[in-house]
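Trainee: All chains, please: the whole structure from these sequences, using the hints.
If you read the sequence shown in the working numbering, its first letter stands for residue -7, the second for the next number, and so on.
Bear in mind the hints are in silico, worked out from the structure with no lab data behind them.
Any given hint could turn out to be false.
Below, in silico cross-link-like pairs of lysine to any residue (SDA-like), each with a Cα-Cα straight-line distance of 20 angstroms or less [to be verified]:
#1 Lys18 - Cys(-1)
#2 Lys18 - Ala7
#3 Lys18 - Ile8
#4 Lys18 - Ala5
#5 Lys18 - Ser47
#6 Lys18 - Gln(-2)
#7 Lys18 - Ser2
#8 Lys18 - Arg6
#9 Lys18 - Arg57
#10 Lys18 - Arg29
#11 Lys18 - Thr60
#12 Lys18 - Lys83
#13 Lys18 - Asn64
#14 Lys83 - Val93
#15 Lys18 - Pro51
Simulated restraints on C-beta separations [stated by the list, open to error]:
#16 Ala66 - Val91: 46 to 56 angstroms
#17 Ser2 - Asp45: 30 to 40 angstroms
#18 Val91 - Asp45: 40 to 50 angstroms
#19 Arg53 - Pro(-6): 18 to 28 angstroms
Each residue gets a CB set at the ideal place from its N, CA and C atoms; glycine is no exception.
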Amino acid sequence: MPECPQCRQSVDARAIACPHCRTPLKAFGHPGVPLYRAEGEAALCETCLYHHDDSCNYPQRPHARDCTLYTNQARQPDSPIYRPSPSSLMKAWLQRHLVWVLLGALLLVSLLLALRG
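Mentor: Pasting the structure below:
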């Protein structure tokens, strides 16, 4: 069970606010939006991936003590980046453009028959 960052009491993982001290635990009062908080005196921005690649647009940057977008730069991605194989790319392209491929083939066959006869 997680604990409240303010009063250190254990709280339910789905709690929006701490029942003891009313500190918000989820952003915007929504249970699906996590609210990350800095521990100690350092700001979250110092270890955030978005701050280091300069893509953060949070108004409190670089002194944010809490943030909804925080991603620790030291943490590795959960899964490797998906890179489709060339054959699967070709298959997907053919599925998207099947009508044009068939029309082109029909036009080519018609042209060959017209030149032959």
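Trainee: All the hints need checking, so say for each whether the structure fits it.
Mentor: Structure-based check of all given hints:
For the given pair, Lys18 sits about 16 angstroms from Cys(-1) by alpha-carbon distance, which is consistent with the 20 angstroms threshold. Taken as a hint, the Lys18 and Ala7 pair is honoured in the structure, with Cα atoms around 8 angstroms apart against an allowance of 20 angstroms. As the CA atoms of Lys18 and Ile8 are separated by approximately 5 angstroms, the hinted pair is consistent with the 20 angstroms bound. A C-alpha spacing of about 10 angstroms is found between Lys18 and Ala5, which places the hinted pair at or below 20 angstroms, so the restraint holds.
Restraint check for Lys18 and Ser47: the C-alpha separation of about 23 angstroms exceeds 20 angstroms, so the hint is violated. Taking the CA atoms of Lys18 and Gln(-2), the gap is about 14 angstroms. The hint holds against a cut of 20 angstroms. Restraint check for Lys18 and Ser2: the C-alpha separation of about 15 angstroms stays at or below 20 angstroms, so the hint holds. Between Lys18 and Arg6 the CA atoms are separated by roughly 9 angstroms; this keeps the pair inside 20 angstroms, and the hint holds.
Simply put, Lys18 and Arg57 have alpha-carbon atoms about 14 angstroms apart, close enough for the 20 angstroms limit, and the pair holds. As the CA atoms of Lys18 and Arg29 are separated by approximately 11 angstroms, the hinted pair is consistent with the 20 angstroms bound. With a C-alpha separation of about 9 angstroms, the suggested pair Lys18 and Thr60 falls inside the 20 angstroms cut-off, and the hint holds. As the CA atoms of Lys18 and Lys83 are separated by approximately 43 angstroms, the hinted pair breaks the 20 angstroms bound.
Between Lys18 and Asn64, the direct Cα distance comes to roughly 18 angstroms. Compliance with the 20 angstroms bound is thereby established for this hinted pair. A distance of roughly 12 angstroms separates the Cα atoms of Lys83 and Val93; the hinted pair therefore holds under the 20 angstroms criterion. Annotation: proposed proximity of Lys18 to Pro51 holds, straight-line Cα distance about 19 angstroms (limit 20 angstroms). At roughly 49 angstroms, the beta-carbon separation of Ala66 and Val91 lies within the given 46 to 56 angstroms, and the hint holds.
The hinted range of 30 to 40 angstroms is satisfied by Ser2 and Asp45, whose Cβ atoms lie roughly 36 angstroms apart. Evaluation of the 40 to 50 angstroms hint for Val91 and Asp45 yields a pass: the beta carbon distance comes to about 41 angstroms. Arg53 and Pro(-6) have their C-beta atoms about 26 angstroms apart, which keeps the hinted 18 to 28 angstroms range intact.
When the structure is compared with the earlier hints, violations turn up for hints 5, 12 and for no others.
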